[in-house]
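Visitor: Based on these hints, arrange chain B on the given structure of chain A.
Protein chains: 2
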Amino acid sequence: MIDKLMDKIDDRENPTVVGLDPTYDIIPETIKQSMIEKYGKTPKAAGQMIYSFNKSIIDGIYDLVPAVKLQVAMYEKYGIEGFRAYLKTTQYAKKKGMIVIGDIKRGDISSTAEAYAAHIGGIKIEDTYLDLWNEDAVTLNPYMGFDGIKPFIDPCNEYDKGLFILVKTSNPSGAEIQDLITDGKPVYEHVAGLVSQWGELAMGTRGYSKIGAVVGATYKEQGAALRKLMPHTFFLVPGYGAQGASGSDLKGYFDKDGRGCIVNSSRGIIAAYKKEARYGDHNFVDAAREAVIKMKLDLGENI
Amino acid sequence: MIDKLMDKIDDRENPTVVGLDPTYDIIPETIKQSMIEKYGKTPKAAGQMIYSFNKSIIDGIYDLVPAVKLQVAMYEKYGIEGFRAYLKTTQYAKKKGMIVIGDIKRGDISSTAEAYAAHIGGIKIEDTYLDLWNEDAVTLNPYMGFDGIKPFIDPCNEYDKGLFILVKTSNPSGAEIQDLITDGKPVYEHVAGLVSQWGELAMGTRGYSKIGAVVGATYKEQGAALRKLMPHTFFLVPGYGAQGASGSDLKGYFDKDGRGCIVNSSRGIIAAYKKEARYGDHNFVDAAREAVIKMKLDLGENI
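Residue numbers (my numbering), protein chains in the order written: chain A, -18 to 284; chain B, -18 to 284.
The set of hints was computed from the structure by calculation and includes no laboratory data.
Errors might be hidden in some of the hints.
Result set (SDA-like, lysine to any residue): computed pairs, CA atoms no more than 25 Å apart in a straight line [unchecked claim]:
1) B/LYS19 x A/THR109
2) A/LYS13 x B/LYS19
3) A/LYS131 x B/ARG248
4) B/LYS(-15) x B/ARG259
According to the in silico footprint, chain A covers these stretches of chain B (three or more CB under 8 Å from chain A) [what the hints assert, rightly or not]:
5) 123 to 130
6) 138 to 152
Now the stretches of chain A that chain B is said to cover, found in silico as 3 or more residues with beta-carbon under 8 Å [as the list claims (entries may be wrong)]:
7) -5 to 2
8) 16 to 27
9) 31 to 42
10) 49 to 55
11) 203 to 215
For clarity, every value in this text was computed on a predicted model and none was experimentally measured.
Idealized CB from N, CA, C, for every residue including glycine.
Next up, chain A with everything else stripped away, as it sits in the complex:
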């Protein structure tokens, strides 16, 4: 997966992943109204709104962008119908040739982690094997240590999938735990050491491991320091755009060849139509496409 992701980034000349995290507010009124007319004010209507919105966004950007990241919370919120929209979206994005990252941030002890590993390892019902999720990689939470990661490693190697494990998150209060100093360095650097070490269990062929790290864009010095600490760990970088970071903050996150990370923007792309009145509801796809091009240029200037 990590090789495929790197190839795709090279091909698109664009280390961007678009976050398909459609909150209710982001979905254009016209889509909302048409689904409510069909299905009432139901979770089914919400799920259909989300899928319809996502499909249009994917159609508008898939030739420019190597990957999409789905924040599962936005779907889980609507229960079964939300998950239906999630799965239809992952399937559609795969069909369009995109790499799909499930931003699930799961983390639990071994037997439970084994069950969560179905996201990338599929399920077996007697002798029947099924991959229900269509995800190339998922994000994980490290608070429970290696027990929660281990069951995902075999699927990474067997089915060529990937992981991105939280190291340093982009939100302000992440520091409450991640920045506690222990043995002269913050907790997140200890986690970085673990993730880097776990990464050796699933190396790709282009110098990076299938086990990557989530490193927020909003702490540029820390990001650059982590790049040096974790030379074989690919970074998934949230926090660009709506959360405040820009391309010039991210120079240190890339390696000397301008590789080693993929930068996520969610609201900055999918809600771009709300920022300028000239777009209006009907042009949300054009607005997203233009935002992608602008972000590509911004990153390109700075890598």
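Guide: Same frame as chain A, but now just chain B:
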């Protein structure tokens, strides 16, 4: 929720929560075969197996036990059909008067945490409010700090729901991060301090907060120390039975009145029929009921 949980524990004289975490292996062959005959080797068959199993277990124990805890991974594994089994189970347990804890261990930044808060806060589609999940409380992961917890606090107060936040987990590798020493004490004690402080935002009327902590049964000294550090924090305690802890390990987890915690057993109850040949597949409910009674006695002797 915390008042209701404490009342229910008093009423049952039993601080036990049964973990409905049915792995495929735990489900009796007879149930598996009948669902495969009906639905083939499909996720639907798996979901139906799980619900059928859970329903029988609930029928067999609801008069003895105040609460059930569903490990969502075991359901999520089977995608939409798994979630359907999850929701049918939470609904059935509520109907039987049980407190329902969703063991979801979610944790993310603010806008995402808001979406996850639908688990206890419900959703709004225009002017229509819906509670899809039927959970009285959920477990959360603290790695991202207060940002990931805050959106859950209003629903706790508004709808009388609860949280259990991971502090010290029962698994061996939890120590990799949780036991790092910072300012002379382990990370999990820092987390304990935060959880205790957050707890003041949602106090119940019986001395405990609606914001509780997950404290594993497998580290008894630490558990007892945390009890003293967090006098108003109710503990959800995993790790009893299959993970090795017994009642005598847990004395220190309770307060001087024998309250302040609820102890989970999953495999020890729902897979009890597999431990003794005299039960056999058909008697899994009797085995679970007997295991509950044994556990109640074991805890009762030690509190």
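Visitor: Next step is simple, just say for each hint if it's right about the structure.
Guide: Structure-based check of all given hints:
1. B/LYS19 x A/THR109: holds (16 Å)
2. A/LYS13 x B/LYS19: Answer violated: A/LYS13 to B/LYS19 is near 38 Å, above 25 Å.
3. A/LYS131 x B/ARG248: It holds: about 21 Å lies between the C-alpha atoms, which stays within 25 Å.
4. B/LYS(-15) x B/ARG259: violated (37 Å)
5. 123 to 130: Check passed, 7 qualifying residues.
6. 138 to 152: As far as the stretch 138 to 152 of chain B goes, the hint holds, because 4 residues have Cβ atoms under 8 Å from chain A.
7. -5 to 2: violated (count 1)
8. 16 to 27: Check passed, 6 qualifying residues.
9. 31 to 42: violated (count 0)
10. 49 to 55: holds (count 3)
11. 203 to 215: It is violated: at least three residues are needed, and the stretch 203 to 215 of chain A offers just 0 whose Cβ sits closer than 8 Å to chain B.
In this structure, the earlier hints numbered 2, 4, 7, 9, 11 are contradicted, and the remaining ones agree with it.
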